[in-house]
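Undergrad: With the hints as constraints, model all of the structure from the sequences given.
2 protein chains.
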Amino acid sequence: MAADFTEETAAKAVVDSFTDTRDPRLRQILTSLVEHLHGFVRDVEPSMQEWEQAIGFLTATGQMCSDTRQEFILLSDVLGVSMLVETLNDRKPEAVTDSTVLGPFHVVTSPRREFGDSIDEVGDGQPCVVTGRVVSVDGTPLPGAGVDVWQADAHGFYDVQRPDVTPVGNLRGLFTTDDGGAFEFRTVMPRHYPIPTDGPVGQLLTRTSRHPYRPAHIHFIAEAAGHHPVTTHVFVAGGEYLDTDAVFAVKQSLVRDFVEVDDPQQARRYGVTAPFRHVQFDIVLAPTGA
Amino acid sequence: MAADFTEETAAKAVVDSFTDTRDPRLRQILTSLVEHLHGFVRDVEPSMQEWEQAIGFLTATGQMCSDTRQEFILLSDVLGVSMLVETLNDRKPEAVTDSTVLGPFHVVTSPRREFGDSIDEVGDGQPCVVTGRVVSVDGTPLPGAGVDVWQADAHGFYDVQRPDVTPVGNLRGLFTTDDGGAFEFRTVMPRHYPIPTDGPVGQLLTRTSRHPYRPAHIHFIAEAAGHHPVTTHVFVAGGEYLDTDAVFAVKQSLVRDFVEVDDPQQARRYGVTAPFRHVQFDIVLAPTGA
Numbered sequence: 001m002a003a004d005f006t007e008e009t010a011a012k013a014v015v016d017s018f019t020d021t022r023d024p025r026l027r028q029i030l031t032s033l034v035e036h037l038h039g040f041v042r043d044v045e046p047s048m049q050e051w052e053q054a055i056g057f058l059t060a061t062g063q064m065c066s067d068t069r070q071e072f073i074l075l076s077d078v079l080g081v082s083m084l085v086e087t088l089n090d091r092k093p094e095a096v097t098d099s100t101v102l103g104p105f106h107v108v109t110s111p112r113r114e115f116g117d118s119i120d121e122v123g124d125g126q127p128c129v130v131t132g133r134v135v136s137v138d139g140t141p142l143p144g145a146g147v148d149v150w151q152a153d154a155h156g157f158y159d160v161q162r163p164d165v166t167p168v169g170n171l172r173g174l175f176t177t178d179d180g181g182a183f184e185f186r187t188v189m190p191r192h193y194p195i196p197t198d199g200p201v202g203q204l205l206t207r208t209s210r211h212p213y214r215p216a217h218i219h220f221i222a223e224a225a226g227h228h229p230v231t232t233h234v235f236v237a238g239g240e241y242l243d244t245d246a247v248f249a250v251k252q253s254l255v256r257d258f259v260e261v262d263d264p265q266q267a268r269r270y271g272v273t274a275p276f277r278h279v280q281f282d283i284v285l286a287p288t289g290a
Numbered sequence: 001m002a003a004d005f006t007e008e009t010a011a012k013a014v015v016d017s018f019t020d021t022r023d024p025r026l027r028q029i030l031t032s033l034v035e036h037l038h039g040f041v042r043d044v045e046p047s048m049q050e051w052e053q054a055i056g057f058l059t060a061t062g063q064m065c066s067d068t069r070q071e072f073i074l075l076s077d078v079l080g081v082s083m084l085v086e087t088l089n090d091r092k093p094e095a096v097t098d099s100t101v102l103g104p105f106h107v108v109t110s111p112r113r114e115f116g117d118s119i120d121e122v123g124d125g126q127p128c129v130v131t132g133r134v135v136s137v138d139g140t141p142l143p144g145a146g147v148d149v150w151q152a153d154a155h156g157f158y159d160v161q162r163p164d165v166t167p168v169g170n171l172r173g174l175f176t177t178d179d180g181g182a183f184e185f186r187t188v189m190p191r192h193y194p195i196p197t198d199g200p201v202g203q204l205l206t207r208t209s210r211h212p213y214r215p216a217h218i219h220f221i222a223e224a225a226g227h228h229p230v231t232t233h234v235f236v237a238g239g240e241y242l243d244t245d246a247v248f249a250v251k252q253s254l255v256r257d258f259v260e261v262d263d264p265q266q267a268r269r270y271g272v273t274a275p276f277r278h279v280q281f282d283i284v285l286a287p288t289g290a
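Sequence order for the protein chains is A and B.
According to the numbering used here, the stretch in the first sequence is residues 1 to 290, in order.
According to the numbering used here, the stretch in the second sequence is residues 1 to 290, in order.
These are calculated hints, taken from the structure and not from any lab test.
Be a bit skeptical, because a hint or two may be false.
[Said to hold, decoys possible] Calculated cross-link-like contacts (lysine to aspartate or glutamate; reagent style EDC-like; alpha-carbon spacing at most 16 angstroms): (1) Lys12/B / Glu35/B; (2) Lys92/B / Asp138/B; (3) Lys92/A / Asp117/A; (4) Lys92/A / Asp138/A; (5) Lys92/B / Glu7/A; (6) Lys92/A / Glu7/B.
Keep in mind it's a predicted model, so treat the numbers as computed, not measured.
TA: Structural data, given as C-alpha cells:
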C-alpha cells in the first residue's frame, strides 16, 4: 500500500498523479499550479473553517456569473492577475501600443458602425470625438483594420448593467479603418466608475478597505491582417483614480488629453455641437512575422 | 502618476493594495495568495487563450454547484488541497485517530438514529455491522459523543446522487455514544465509486488520464465535549483503489478488516441475517486543553 500523504510529500503525490497527461503543456501548467497552490496552503495553514470560507467564496463567484456578468474576470482583475497575464503577453517593440486588461464587460458583440458614426444611442453626456489611425510599427497605415470600442456612459455604467435604461449596444461599436488606416467616431465622455460591488469581489474589496473605482477610459481591441492584435484602453488625462485603478490597468503611455474644443467649424466637421472634447489615439501594431 | 505595473513589480503592487485591511489574518492570507498566484502565472506565462480557459473552467466549476453538489470541494480534493489542509490541521498526539477529507457529500443533515439502528432504508446490499467506541487519548470512554456517518451504497452512489431511487437520508445517521462511549449501527457494505465525472473536475481527470475512483469507505465525524472533533473515514481492507484514491485521502491507520461472519447467534445479536460483515472502528479524540 502507498505511503500516507504528508505535509512534505503532498505536492509530489499530486504532481505524480498527472504523469500520464498527454498534452505536455497541460501537464506543465498543472505541475506548476499544484506546486504553487500547495506552497500557498503550507504557508498560511488555513483552518478548516477558512478552507470552507474559500470554497464558499469561489462558489459564490462562479454563481454570480451570467451572460452579462463575469465575476471571475473581476476577481482576476482585482488580484492583478489579468494585468500580469496581459503584461507577459505584451513583450514587443517599444513603439507598439501597450495592451491592458480586457475587463469583464466585453460580453456582447459590438454593433458594426461606419466611419464617423456615433456610438451614443442615448444622447446623455458631454460630446466627444475620437479620431485615430491604426499603423504598423514602421508607420505604414493599416486599411481595413478592425477597431472594436466599448465604454461606460456619463453615469459610469455599461449598457449591459442597465438594460432597462440603455439599449444593449449603446456606447459600443465595431469600426473598420479607411484607406488611410484612420477611424473616427462620436461618443460621450466616459466617466470613472466602480467595478460591480454587489458580488463576492465587492465584498473582498470592502473587507480590505480598497475602493472599487476605475479611472475614466475607452476600451479598444484593434486587429489587422499580418499583425498581433492589441487589447487596450485610452485613459482620460487628469481624471480621478489614475493612480489607484482597482484593476491595476493604467499605463502611462495610454493616457491622453481629451482636449476641450469650442470651435463651431470643427464641431460641424465632426457632426457635433461645440463645445466638445476631442482625443486622438493612434494604435501601433506589431507584424506577426517580426 | 504611479509607475506602470510590470512583471517585476506586479505582485508588490497588489500586495500593497491590501495594506489597509483591518483583519491581520485576512491580510496575511491575501499577501501569500497574491505572491503564490503571481508566482504561478509568471512561471507558466499563460497565453490570453489559456487565461480565458482558466476563467471558463472556474466559472463552470462554480455553476456546477447546487444544494447537493459541491464541485469546488471536488476540485480541492483532486488537487490534494483538501487532504493537505486536513493534514495541516491534524498535528496531534500519535494515538489520536487520523483525520481525512470531508468530501463533497456532507450536504444534508444526517437523520438522528438510535444505538443499533440501521442506516439502510433500501435493503440492497451485503449486510454490515459497524461497532466502535469514542474514547479520549488516555482511553477514557466518551459517553454522549456525536457520531455522524454517511456512505455510498452497494452501487457506489450517495443518496443525494439518485434521489429518485434512494430517499435522502439513506445511509446517513447521527448517533450518540452510550454510557460506555460505544456506538453501533447496521448498514450495507460500501462500494468503491467514481467521484462525479459529469462536470469540469471530471473533464480535468479525463484530460490528465486519471481515474476517478475512491476506495470503499464510510465517513465519520466524531465530536465530544472538551475534545477536538475528527473528520475521517474507515476504509475497507483489501478493496480496490486503496493505492490510488482520486482524492489522496487514504491513511494506512484508517484501513480495517470488514470481517465476514457466518454465525447465526452473532447475526441475531445485531439484528441481521448471516452471513454479514463486521468492522470495529474505535475513534480516539484529543482533549482541547492539551
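Undergrad: It remains to establish, for every hint, whether it holds in the given structure.
TA: Each hint, compared with the structure:
1. Lys12/B / Glu35/B: holds (8 angstroms)
2. Lys92/B / Asp138/B: holds (13 angstroms)
3. Lys92/A / Asp117/A: violated (32 angstroms)
4. Lys92/A / Asp138/A: Answer holds: Lys92/A to Asp138/A is near 13 angstroms, not above 16 angstroms.
5. Lys92/B / Glu7/A: Between Lys92/B and Glu7/A the Cα gap is close to 14 angstroms, so the pair holds against 16 angstroms.
6. Lys92/A / Glu7/B: holds (14 angstroms)
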